[in-house]
Structures are given as C-alpha cells and as structure tokens.
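Trainee: Given next are the chains, with one letter for each unit.
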Amino acid sequence: MVGGAVLTVGKDQLVRFEQAILPHLDAAYNLARWLTRNDHDAQDMVQEACLRAFKFFDGFHGVDARAWLLTIVRNTCYTWLEQNRRGQAMTSFDEEIHTVEEDALNPSALALKSDDREMLKQSLEQLPAEFREVIVLRDLEELSYKQIAEVINVPLGTVMSRLARARARLKGILCSRLKEKP
Amino acid sequence: MDCTNAQTLLDGYLDGELDPVRNLEIEEHLHGCTRCSLSYSDRQVIRRGLKTESLYFKAPADLQKRIQRSVRQAAKAEAPAGWLSWPWLRFAAPLAAAALVVLMLVPIFGGPSSDELLTQDVVASHIRSLMVNHLADVRSTDEHTVKPWFNGKLDFSPPVSDLAKQGFPLVGGRLDYLNNRPVAALVYQRDKHVINVFVWPADNSGQTGGPIKTLQGYHVIRWASSGMNFWVVSDLEQNQLAKFTDLLKASATTSPS
Numbered sequence: 007m008v009g010g011a012v013l014t015v016g017k018d019q020l021v022r023f024e025q026a027i028l029p030h031l032d033a034a035y036n037l038a039r040w041l042t043r044n045d046h047d048a049q050d051m052v053q054e055a056c057l058r059a060f061k062f063f064d065g066f067h068g069v070d071a072r073a074w075l076l077t078i079v080r081n082t083c084y085t086w087l088e089q090n091r092r093g094q095a096m097t098s099f100d101e102e103i104h105t106v107e108e109d110a111l112n113p114s115a116l117a118l119k120s121d122d123r124e125m126l127k128q129s130l131e132q133l134p135a136e137f138r139e140v141i142v143l144r145d146l147e148e149l150s151y152k153q154i155a156e157v158i159n160v161p162l163g164t165v166m167s168r169l170a171r172a173r174a175r176l177k178g179i180l181c182s183r184l185k186e187k188p
Numbered sequence: 022m023d024c025t026n027a028q029t030l031l032d033g034y035l036d037g038e039l040d041p042v043r044n045l046e047i048e049e050h051l052h053g054c055t056r057c058s059l060s061y062s063d064r065q066v067i068r069r070g071l072k073t074e075s076l077y078f079k080a081p082a083d084l085q086k087r088i089q090r091s092v093r094q095a096a097k098a099e100a101p102a103g104w105l106s107w108p109w110l111r112f113a114a115p116l117a118a119a120a121l122v123v124l125m126l127v128p129i130f131g132g133p134s135s136d137e138l139l140t141q142d143v144v145a146s147h148i149r150s151l152m153v154n155h156l157a158d159v160r161s162t163d164e165h166t167v168k169p170w171f172n173g174k175l176d177f178s179p180p181v182s183d184l185a186k187q188g189f190p191l192v193g194g195r196l197d198y199l200n201n202r203p204v205a206a207l208v209y210q211r212d213k214h215v216i217n218v219f220v221w222p223a224d225n226s227g228q229t230g231g232p233i234k235t236l237q238g239y240h241v242i243r244w245a246s247s248g249m250n251f252w253v254v255s256d257l258e259q260n261q262l263a264k265f266t267d268l269l270k271a272s273a274t275t276s277p278s
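Listed in order, the protein sequences are those of chains L and Z.
The numbering of the first sequence is the numbering used here, which starts it at 7 and goes up by one.
The numbering of the second sequence is the numbering used here, which starts it at 22 and goes up by one.
For reference, chain L alone in the conformation it holds in the complex (with noise of 0.2 Å):
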C-alpha cells in the first residue's frame, strides 16, 4: 500500500525535525526579535526559518540544532533587513568604521540600577545589527565563541574583536544616556 508508505516516510520526518527543532524556538525567537526589533515581523521571521530548516532537513548532520537554526533564523533576518532597508540609504557595515576606542582611554566606572532595563533595551536596540546580534549571542544566549562564529560565519578571532567593539560601543551608548538622565 503506498499511500501508507508516504505517511510513514513523511511522519518520520516530521517527528525527527519537530524534536530537533522545537526546542530552540526561544532562542530563534530572541534573536529574531533583537534584529527586527518588533514582535510581529520577528514572529514571521521564526516561521520562515523553520519552513527553510525544515526543507533543509536532510543536510542537518550536526549536533548544534540550536546554532544551525540560529544561522538560518539569522540569515532569513538579513535578507528581510536588507529588502526593508530599500529604499533608505543602505548602510553596509564596515568593520574599521565602527572602530570606538574611547572605552579604552575613559573608563567611567559605571553604574546601573535596576529600573535602567528600558535604557538597556534601547541602547542596544541602538546598535548596528551586526554589534548587537554578537551581544544577543554571547550575553543573553550564551554560546561560545565557538558557535558565535559559525553562526555569523566569521573567523573565531573575529568573534572577539566585534565583540569587544560591540560592547565599547554599547558602554558609549548608555554613558551618554545615564548623563541625560535628570
């Protein structure tokens, strides 16, 4: 009987995927929604991925299903973030452009308190994707530099140099942020 045969095949598959997979919708989510910045077109993002991931399926012989569903939750964002910034000037991201040094030379000792989530929130919102994706990464999903790099797809020493200058970056947002505040 082969209609039985189809539904089998098919069923296995889908099993194997959805155990894989679901798991890290958490994770894809979060990393959606930091690029997107907005639930709705992060949500769209997530179920796109998931299309892809799943018609890729076969080549998935890994053992990172998170990293390998984050670098296609990334991916899928990029070519959105590109199509939406059509139109605008596009900004591509250079590396040496982004270069803020004056972490190195103005240490402030900082401080935060904790109703400054807000201002956390939209300090790094503030970022070029390409800064905060590494921090989103790193500090909220707590992979490795590792996996970091695979994601991205960049060498591992290049995780930490963006790294570095995300943070920097970041640190020059919120100093100049805590010096408005009343």
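Bear in mind the hints are in silico, worked out from the structure with no lab data behind them.
Incorrect hints may have been included.
Listed next, the in silico DMTMM-like pairs over lysine to aspartate or glutamate satisfying Cα-Cα at most 25 Å (straight line) [said to hold, decoys possible]:
1. L:LYS61 to Z:ASP136
2. Z:LYS174 to L:GLU136
3. Z:LYS174 to L:ASP32
4. L:LYS61 to Z:ASP83
5. Z:LYS234 to Z:ASP142
6. Z:LYS174 to L:ASP70
With the hints as your guide, set chain Z onto chain L.
Mentor: Coordinates of chain Z only, in the frame set by chain L:
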C-alpha cells in the same frame, strides 16, 4: 602584558574563552592597572545588567503551534519527495519518470523533457539569486572558507576553487534546491556578470554532458566529472563562459579536493 594587549583580550577573559596562561597574564595586569580594571568592571556591570534585566524575549505561546501547522502543511506538500527516499523507488522512480516523459510527452505533445525542465529550473534559480538579494549565504573569495562552510549543510563536499588569477574571482557559496535535492551553488564573477555553478552528486539518471544551451538570454553548460553533476549558468558571453568552464574542469581534476 601592556594595556593595548590587555584591552584586546579583556572580552575573551570576561567570557572565559582564553587559555589558562593568558588568563593568568590578564589577572596579573588587572591587579596592577587601575585603568584596565575599571574598564573590566564596566563590562561586568553591563553584562550583569543584560542578564538580570530580563532582556531575553521568549517565544510567544502560540508561535510553536503556528510553526507546527505550517511545517506539517509543507510536509504534506512535499510527501511525494519523501516517497523518493524509499530505496527501491529511488532507482525506479527516475527511470519510470524518464520513460513516461520520453514515451508519452515528447512524441505526442512535444512537451519538455526532464532535461529541459531541469535547465529551466537552473536558469530560474540563477535569476532568483540575482533578484532577491540572496546571491551568497557565505561571502568569501577564499576557497578554504567556502568549501568548509558546506560541511553539515550538505551530504557531499563540492569541489571549490578560486579562479581569480584567471579573471573569474570566487564570490561565495549558497545552498540551493534543484532536482529534488539540496545542492551547492558556487558564485563567480566576471566583470559585472555573475556566474552560478550548481553542484550535486551524479546519480544514475543520466544528465551527463550536453551541448551549450541558451534560455531567456542565459547560457547553460553542464557536465559530470568525479561523480558530480556541474551546471554552469550566466549571461556572460558564450565563448568566455566556455573558457570559464574549461578552467573549472581543469582545476577540479587537479585540485586534491
């Protein structure tokens, strides 16, 4: 260790990603240097803030159901493809399909052969890669970056060689889907012309070499060697594309990979 060195390693230290020797060196430096240790405590403050201020967005409750629904729908639509993974059907189905196409469609309707359909698919993939701003998943002119990128994403390893010296620089690589399977797409450039090279393992269903074809202004050249199918597509002028193809064939047979 001086301050410049310490500053570049501070994040690795904070994240516990340094080797023990470097860790000790940094710790020694932080003991003696107020500026760097302030800078380090700033980083700690920010990280603690990020972790404790619940900035982690959890997926909304209904998102999982929504995704399960859409994946199940996709699975239903793809069921015939899953069918092909049955061992005996894998061999029988392409033969049967080819026989059907040859016996029925061509003489009666003059319709497209499976080969022509694949040619159309290849050209469509090429056009799509130019349209939706999704030329490469991995952008690199380095063959040693592009080739390993496919590890774990495909069940084969495509031969990748940079032909920049010969005037056809490698731009990157991408996953694509052709002939009912994920395939490697390698992207090359000649002046303003983009060249897509699709690669997947050759099976028993034919599709070896063939004459150069032109469809919608795009030239398509294909061949099979060392167990792989190669399909090259571009709007590049025909002779130049043929030259590119020769270079690629030569490098694929000489490179150790």
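Trainee: The structure should be examined with respect to each hint, and the outcome stated for every one.
Mentor: Tested hints:
1. L:LYS61 to Z:ASP136: holds, 23 Å
2. Z:LYS174 to L:GLU136: Given pair LYS174 (chain Z), GLU136 (chain L) holds - Cα atoms ~23 Å apart, limit 25 Å.
3. Z:LYS174 to L:ASP32: holds, 23 Å
4. L:LYS61 to Z:ASP83: Holds, at about 22 Å.
5. Z:LYS234 to Z:ASP142: holds, 13 Å
6. Z:LYS174 to L:ASP70: holds, 12 Å
No hint from the list above goes unmet by this structure.
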